[in-house]
Amino acid sequence: MKLSKLLFLGALLFWVQPARAATEVVASTPELAAISKAVGGGKVSVYSIAKPNQDYHAIEPRPSDVSRIARADLVVRAGLSLDVWMDSLMNAAGNGNLNRGGRGYVDASTGIPRIETPSGSISGASGDVHPEGNPHYLYDPIYAKRAAQNIVRGLIRVDAGNASAYRANYVAFNRAIDNKMDDWRRALAPYAGRPIVTYHLSYNYFLRRFGIRQYGTLEPKPGIPPSAAHLSQLASNMKRDRVRGVLIEGIYPRRFADLIKRQSGANYEVGPYSVQSYTGQGYINLIDNLVARTRAALG
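Numbering follows this note's numbering, with no gaps: position 166 of the sequence shown is 166.
Some hints here could point you the wrong way.
[Stated by the list, open to error] With a straight-line Cα cutoff of 20 angstroms, these simulated SDA-like cross-link-like pairs (lysine to any residue) come out:
#, residue 1, residue 2
1, 145, 41
2, 221, 236
3, 239, 258
4, 51, 251
5, 145, 55
6, 261, 226
7, 145, 182
8, 43, 81
9, 43, 204
10, 51, 118
11, 145, 208
12, 43, 186
13, 221, 51
14, 51, 236
15, 239, 214
[As the list claims (entries may be wrong)] Label pairs and their calculated CB-CB ranges:
#, residue 1, residue 2, range
16, 94, 258, 28 to 38 angstroms
17, 171, 236, 21 to 31 angstroms
18, 70, 185, 20 to 30 angstroms
19, 262, 103, 26 to 36 angstroms
20, 295, 58, 40 to 50 angstroms
21, 118, 92, 23 to 33 angstroms
If you are wondering where the hints come from, they were derived from the structure by calculation, not from laboratory data. C-beta atoms are modelled at their ideal positions from N, C-alpha and C, and glycine is treated no differently.
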């Protein structure tokens, strides 16, 4: 066969190749999946290992999750030891590009100021303490923007051809949050400085952002179920200090909130734990809901 014919057939085969499939993103949590979809748009396909309203501290990965990661272009993790279960998945998947420091690896917590970083030694008696600090930074919309920036950088590393689209989507996501921040601040301004009790320290980044004071938690230590003695002491302190609001994360048992309500006379509300859709609007809806439930708890 003549060289010219071979070149023609080669070119023809090149042009009839199907368009490149969407960049496959595997996120450890639904919030990271939602933000990844917001900045990736139609250029990405997203999958979350954890599902909405699962406790992210205690995920049991499935064999199918290994195959998802094995063929992924980008993996997005919460970091700060929230999703340590991702380590075994990534090791089993054997996708070298997704190893720490790899082009397809994103730690969304990079560059985010941390709170509640423990000092001194940590033991089992300390509870489920995260050595790097509180990992629930995505309840703070400003830090969600920073996480989005980390994700965009990862997307550009693995799919530079769509860099302009990713940057434009990032700008749009930032604008959507900025447009809501004034509303959220106005809604919570009357409660600035007010104390509130939660089950876990999930909402503390959010509370700090909007000037609300974390008074205490129903669990005596992170990951340790509430005891009768702890709840009794907490209720006594709440009555003394006139703490009237309790906001429990939706994944935790309500019976403890019912008990603290009876003992202290405080009102309680059930707050959202996760997004319900993997979209940028899904993230906005999460914060809308959290603002509304916080107002109800303190009102």
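Hint check:
| no. | hint | verdict |
| --- | --- | --- |
| 1 | 145 to 41 | 16 angstroms, holds |
| 2 | 221 to 236 | 18 angstroms, holds |
| 3 | 239 to 258 | 16 angstroms, holds |
| 4 | 51 to 251 | 12 angstroms, holds |
| 5 | 145 to 55 | 23 angstroms, violated |
| 6 | 261 to 226 | 14 angstroms, holds |
| 7 | 145 to 182 | 16 angstroms, holds |
| 8 | 43 to 81 | 29 angstroms, violated |
| 9 | 43 to 204 | 34 angstroms, violated |
| 10 | 51 to 118 | 29 angstroms, violated |
| 11 | 145 to 208 | 16 angstroms, holds |
| 12 | 43 to 186 | 36 angstroms, violated |
| 13 | 221 to 51 | 25 angstroms, violated |
| 14 | 51 to 236 | 37 angstroms, violated |
| 15 | 239 to 214 | 16 angstroms, holds |
| 16 | 94 to 258: 28 to 38 angstroms | 48 angstroms, violated |
| 17 | 171 to 236: 21 to 31 angstroms | 51 angstroms, violated |
| 18 | 70 to 185: 20 to 30 angstroms | 44 angstroms, violated |
| 19 | 262 to 103: 26 to 36 angstroms | 55 angstroms, violated |
| 20 | 295 to 58: 40 to 50 angstroms | 30 angstroms, violated |
| 21 | 118 to 92: 23 to 33 angstroms | 30 angstroms, holds |
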